[in-house]
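Asker: So the sequence lines, in the order shown, correspond to chains A and B.
Mapping of the first sequence onto my numbering: residues 1 to 448, in sequence order.
Mapping of the second sequence onto my numbering: residues 1 to 448, in sequence order.
Among these hints, one or two may not hold up.
As the list claims (entries may be wrong) - Estimated spans, in silico, between C-beta atoms of each pair:
no.	chain 1	residue 1	chain 2	residue 2	range
1	A	Arg176	B	Asn268	46 to 52 Å
2	B	Val360	A	Arg176	18 to 24 Å
3	A	Thr401	B	Asp145	46 to 52 Å
4	B	Leu443	A	Thr252	51 to 57 Å
Bear in mind the hints are in silico, worked out from the structure with no lab data behind them.
C-beta atoms are modelled at their ideal positions from N, C-alpha and C, and glycine is treated no differently.
There are 2 protein chains.
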Amino acid sequence: MKEKIAIIGGGLSGSLLAICLAKRGFQVEVYERRGDIRKGQAAAGRSINLALSTRGIEALKKVGLAEKVLQDAIPMTGRMMHSVKGELNYQPYGKSGQYINSVSRSGLNIKLLELADEYDNVKLFFNHKCVDVDLNINTAVLENDKGEKITVEASIMFGSDGAFSAIRSEMQKTNRFNYSQNYENYGYKELEILPLKDGVFQIEKNALHIWPRGEFMMIALPNPDGSFTCTLFLAYDGEKSFSNLKTKVDVTAFFENYFPDAMAMMPNYLEDFFNNPTGSLTTIRCNPWVYKKFALIGDAAHAIIPFYGQGMNCSFEDVSELDEIIETYYPDWTTVLQKYQEARIINANAIADLACKNFVEMRDLVGQPAFMHFKKVEQELSETYPDVYRSQYSLVSFSTTPYSYALAQGYKNEALIQYIIEHKLEDKIKDANVMMPLFRDFLGEVTI
Amino acid sequence: MKEKIAIIGGGLSGSLLAICLAKRGFQVEVYERRGDIRKGQAAAGRSINLALSTRGIEALKKVGLAEKVLQDAIPMTGRMMHSVKGELNYQPYGKSGQYINSVSRSGLNIKLLELADEYDNVKLFFNHKCVDVDLNINTAVLENDKGEKITVEASIMFGSDGAFSAIRSEMQKTNRFNYSQNYENYGYKELEILPLKDGVFQIEKNALHIWPRGEFMMIALPNPDGSFTCTLFLAYDGEKSFSNLKTKVDVTAFFENYFPDAMAMMPNYLEDFFNNPTGSLTTIRCNPWVYKKFALIGDAAHAIIPFYGQGMNCSFEDVSELDEIIETYYPDWTTVLQKYQEARIINANAIADLACKNFVEMRDLVGQPAFMHFKKVEQELSETYPDVYRSQYSLVSFSTTPYSYALAQGYKNEALIQYIIEHKLEDKIKDANVMMPLFRDFLGEVTI
Numbered sequence: 001m002k003e004k005i006a007i008i009g010g011g012l013s014g015s016l017l018a019i020c021l022a023k024r025g026f027q028v029e030v031y032e033r034r035g036d037i038r039k040g041q042a043a044a045g046r047s048i049n050l051a052l053s054t055r056g057i058e059a060l061k062k063v064g065l066a067e068k069v070l071q072d073a074i075p076m077t078g079r080m081m082h083s084v085k086g087e088l089n090y091q092p093y094g095k096s097g098q099y100i101n102s103v104s105r106s107g108l109n110i111k112l113l114e115l116a117d118e119y120d121n122v123k124l125f126f127n128h129k130c131v132d133v134d135l136n137i138n139t140a141v142l143e144n145d146k147g148e149k150i151t152v153e154a155s156i157m158f159g160s161d162g163a164f165s166a167i168r169s170e171m172q173k174t175n176r177f178n179y180s181q182n183y184e185n186y187g188y189k190e191l192e193i194l195p196l197k198d199g200v201f202q203i204e205k206n207a208l209h210i211w212p213r214g215e216f217m218m219i220a221l222p223n224p225d226g227s228f229t230c231t232l233f234l235a236y237d238g239e240k241s242f243s244n245l246k247t248k249v250d251v252t253a254f255f256e257n258y259f260p261d262a263m264a265m266m267p268n269y270l271e272d273f274f275n276n277p278t279g280s281l282t283t284i285r286c287n288p289w290v291y292k293k294f295a296l297i298g299d300a301a302h303a304i305i306p307f308y309g310q311g312m313n314c315s316f317e318d319v320s321e322l323d324e325i326i327e328t329y330y331p332d333w334t335t336v337l338q339k340y341q342e343a344r345i346i347n348a349n350a351i352a353d354l355a356c357k358n359f360v361e362m363r364d365l366v367g368q369p370a371f372m373h374f375k376k377v378e379q380e381l382s383e384t385y386p387d388v389y390r391s392q393y394s395l396v397s398f399s400t401t402p403y404s405y406a407l408a409q410g411y412k413n414e415a416l417i418q419y420i421i422e423h424k425l426e427d428k429i430k431d432a433n434v435m436m437p438l439f440r441d442f443l444g445e446v447t448i
Numbered sequence: 001m002k003e004k005i006a007i008i009g010g011g012l013s014g015s016l017l018a019i020c021l022a023k024r025g026f027q028v029e030v031y032e033r034r035g036d037i038r039k040g041q042a043a044a045g046r047s048i049n050l051a052l053s054t055r056g057i058e059a060l061k062k063v064g065l066a067e068k069v070l071q072d073a074i075p076m077t078g079r080m081m082h083s084v085k086g087e088l089n090y091q092p093y094g095k096s097g098q099y100i101n102s103v104s105r106s107g108l109n110i111k112l113l114e115l116a117d118e119y120d121n122v123k124l125f126f127n128h129k130c131v132d133v134d135l136n137i138n139t140a141v142l143e144n145d146k147g148e149k150i151t152v153e154a155s156i157m158f159g160s161d162g163a164f165s166a167i168r169s170e171m172q173k174t175n176r177f178n179y180s181q182n183y184e185n186y187g188y189k190e191l192e193i194l195p196l197k198d199g200v201f202q203i204e205k206n207a208l209h210i211w212p213r214g215e216f217m218m219i220a221l222p223n224p225d226g227s228f229t230c231t232l233f234l235a236y237d238g239e240k241s242f243s244n245l246k247t248k249v250d251v252t253a254f255f256e257n258y259f260p261d262a263m264a265m266m267p268n269y270l271e272d273f274f275n276n277p278t279g280s281l282t283t284i285r286c287n288p289w290v291y292k293k294f295a296l297i298g299d300a301a302h303a304i305i306p307f308y309g310q311g312m313n314c315s316f317e318d319v320s321e322l323d324e325i326i327e328t329y330y331p332d333w334t335t336v337l338q339k340y341q342e343a344r345i346i347n348a349n350a351i352a353d354l355a356c357k358n359f360v361e362m363r364d365l366v367g368q369p370a371f372m373h374f375k376k377v378e379q380e381l382s383e384t385y386p387d388v389y390r391s392q393y394s395l396v397s398f399s400t401t402p403y404s405y406a407l408a409q410g411y412k413n414e415a416l417i418q419y420i421i422e423h424k425l426e427d428k429i430k431d432a433n434v435m436m437p438l439f440r441d442f443l444g445e446v447t448i
């Protein structure tokens, strides 16, 4: 049996990591602060559903879990925009057959824990909160729900303990640790669109719905029971803000003004609005991710805002890349951890930037005619030249191309499309003789 | 007697704040982690001397301490650059009569503590380390050197506990606290140029000396005993770096190559190099600075790198502005603290940016002919049009104009001087008919 590895945090990335390490024969111990989600103790304060896309699926495939997860997922082939008047406008995410998947966070976590638990070399500990870490002697102190403390020692420790990571807090005290946490002035509130009587979806099932309102927005993702989980993203302060929605009258007027079509399908929106907490949105970056035998992974290393639907996908890719690096460099853990952070930090920073950029796109641009036209041109380019033109969205969501590449490529794509629109070349898109030189100029080397 | 105010941290800003609050009749308690510096327990790990300029002096004047401090200070009227060959080049900091002041950090701190101690309503506690804070019930737990813990309650609590503030760490756990700590890839090492036998300065006394070497540099500030405190700023890693200075042979060769003139005056440089710690350079920003009855001040709120010589000056200005806001808004503490952070955060961010920019200037640009020419043109503008043209350096160091204004003005000044140089107008500088229209174009509204 190989050496012992402790994983602090048994959420999505922690449990996937446990499986990967178990498959490689390590003794794996997972310490999770919350109770066992398999016993119905759903994690409070986290979003209900997530958008699973290619990076996440590829990572799940490696542990044989992709099929099982996708069985319970609902494909979303594009964005469905709802205007104030209830008009619909649909933008596909990619080419025909490409889609992202609405999955339940808790359902996914349960499947991962169940699989991890099948390995004899995995031990799962719930209700164990990390209260102290000694980065120098490779130990962590965990306190269980009876107030008992145990000290765990391991050859390698992973901090997969989320955006408010205890491991990262300890690393922050070490010399020359770069760190930033930046909050949006926006909060979010989860609400619900109910199904019709027999679990029938009231609006298009296979789409991510957006009510873009410029300064704020609501989105909705489908659930298997016919409901949609809605999330209202709204500023904390200012004219249109949570601070101005104090009473039922305020909230009712707000929904009547801005979301009349959705409101009709949300009988509990007032109760939900006042009972559900207002979540905050933060971007956390740090560097390094590794200190001696400790390494951060998932949200602990890079909390991003949810507007590209990539938080979990990025975390799963962390695990997947780490697993490949272990394949190559184990048992040289120093090199493994070094290569891991070299590979991932640049890409975590890129998706953090992309998520911030996409927030503006979702809440504002998607509702504007100029942007819709831009997207239509892009869609035609993608479909006509699938091997040459790849949209940023498709690079991020339907490929495992590094996020940093997608970030850079997006700027090139934008310049190209702006040129096409400015020079009124929209009706020449199918003409390869016109387009190919442009691709070369704007996108760099392309293969014909 | 007015309410009790606790100050966590009795360094430069904490002790100045204690005096200001004592003068206003508050019951002031200061808790300092280290021993009493007045008993000769010098604070380890901090720079030995500091550059005191107008903002700091104005703040000291308010408590009647400026004269006493300046008596022991050494005026530095400009930068003296040392080339590898030992050639000297001098750039004045401002107009004739303008200078910054080399002062001893511990000497200054002692004077502040002595004055604070003269007030009956100030209690000073040394060897009291803040180990816990409850931001909601306004308490702090302090542990003394015997391991005893006391809990302090106060109406208002200030965290003046430095770059690694315990109060700020606690605030960082509150919702929507924006925070970043960014380390330079540079460390620093303090060394010493000794005086000649009778306390005679070996190099120009009234200057800040710089050995700019592009990627790295050494600086030296004069001390009253005829010595200079030298600081070597060098990358941690890379070709020319601390990591490549492992042996006495390495260090000797490095000094022979790059600092031959200084080396001859630094008989202990090898011992100092290997005995003194390598300090790190960090920029810390956060927002808000206030949580309920707690407020951050000084380095706890804004650690900046030392290349504009403004860390302490900015901290003293924090205290000074806070004092004025108390004058206006007390006893409405909520408004006091709100106005305080509104006034200061933007300026702390500006001086943080300026300090980063000045690092490149000091280690690299000051040694380049084009930059020397730029500075010569600027000097002539300042002297010819003292009421119209104000250099960024002078706005920062010789005025109390907000740092944010100085930051913006610097860019305008640069554009103006570049225009003058590009159009070869250097010999027209004295001609107001040529210059005034340029001032209007580049600097905005000017009074003739």
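Asker: Of the numbered hints stated earlier in the document, which are not met by this structure?
Answerer: 1 and 3
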